[in-house]
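Heads up, the sequence shown is in my numbering, so the first residue is 13 and it goes up one at a time.
These are calculated hints, taken from the structure and not from any lab test.
Backbone N, C-alpha and C define an ideal beta-carbon position, used for all residues, glycine too.
Treat each hint with caution, since some may be false.
To be verified - Below are the DSSO-like pairs computed for lysine-lysine, each with C-alpha atoms no more than 27 Å apart in a straight line:
hint: 1; residue 1: Lys56; residue 2: Lys105
hint: 2; residue 1: Lys63; residue 2: Lys119
hint: 3; residue 1: Lys105; residue 2: Lys119
hint: 4; residue 1: Lys63; residue 2: Lys110
hint: 5; residue 1: Lys56; residue 2: Lys110
hint: 6; residue 1: Lys56; residue 2: Lys79
hint: 7; residue 1: Lys105; residue 2: Lys63
hint: 8; residue 1: Lys110; residue 2: Lys79
hint: 9; residue 1: Lys79; residue 2: Lys63
hint: 10; residue 1: Lys79; residue 2: Lys105
Stated by the list, open to error - Quick list of the computed label-pair ranges, beta carbon to beta carbon:
hint: 11; residue 1: Ala175; residue 2: Gly87; range: 49 to 59 Å
hint: 12; residue 1: Leu25; residue 2: Thr108; range: 32 to 42 Å
hint: 13; residue 1: Gly170; residue 2: Leu25; range: 16 to 26 Å
hint: 14; residue 1: Asn136; residue 2: Ser169; range: 17 to 27 Å
hint: 15; residue 1: Ser174; residue 2: Ser120; range: 16 to 26 Å
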Amino acid sequence: MLLITGVVAAAILIVAVLPVIWSMVGTFSSASAATDRSMRTDFKIVTTYAKSYPATNAGALVTVWMKNVGTSRIGLTELSSGDVYLGLSADFKRATLKTPYNAAVVKSATTDWNYSIRDSNANNIWEPGETLEVNGYAPTSTQPTNQLIYFQLTLPSGVSRSAEFTAI
Numbered sequence: 013m014l015l016i017t018g019v020v021a022a023a024i025l026i027v028a029v030l031p032v033i034w035s036m037v038g039t040f041s042s043a044s045a046a047t048d049r050s051m052r053t054d055f056k057i058v059t060t061y062a063k064s065y066p067a068t069n070a071g072a073l074v075t076v077w078m079k080n081v082g083t084s085r086i087g088l089t090e091l092s093s094g095d096v097y098l099g100l101s102a103d104f105k106r107a108t109l110k111t112p113y114n115a116a117v118v119k120s121a122t123t124d125w126n127y128s129i130r131d132s133n134a135n136n137i138w139e140p141g142e143t144l145e146v147n148g149y150a151p152t153s154t155q156p157t158n159q160l161i162y163f164q165l166t167l168p169s170g171v172s173r174s175a176e177f178t179a180i
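Let the hints inform the model, and build the full structure from the sequences given.
Here it is, written out as structure tokens:
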């Protein structure tokens, strides 16, 4: 009787507990891979600049330089799929990428951005140690001189950096 009870208990344990353990292993493995990818993808905002236009053409032309300080290479597809948020600190919007990605950003009615990789080997990949220049234009309802400008770049992997700086 004890032997039968022991066998039934072992069978219940195997049927009930092992699938849970295997699903937890899969979850931990996925989370670990995502964390590893995020840790390898890292960049730092090096410096920023914002120039305001006269009050009749209110808006700010913004340039942000960033350095890839991670160990991952970031390709054009990932950069082009990223999101840029730009504007006055109290009123920023999601910017639209100008196509092609290196098209000039000029004063317009919309919030636009583009980027340029300061590519040391001309392979169009933002490699560790290389600099990315992001240019953007944010129309404003008031003169942005001496006001805080907000900038954020978010990659599709979820890694993002932001900065606030004063327009001159």
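Which numbered hints does this structure break? 11, 12, 13
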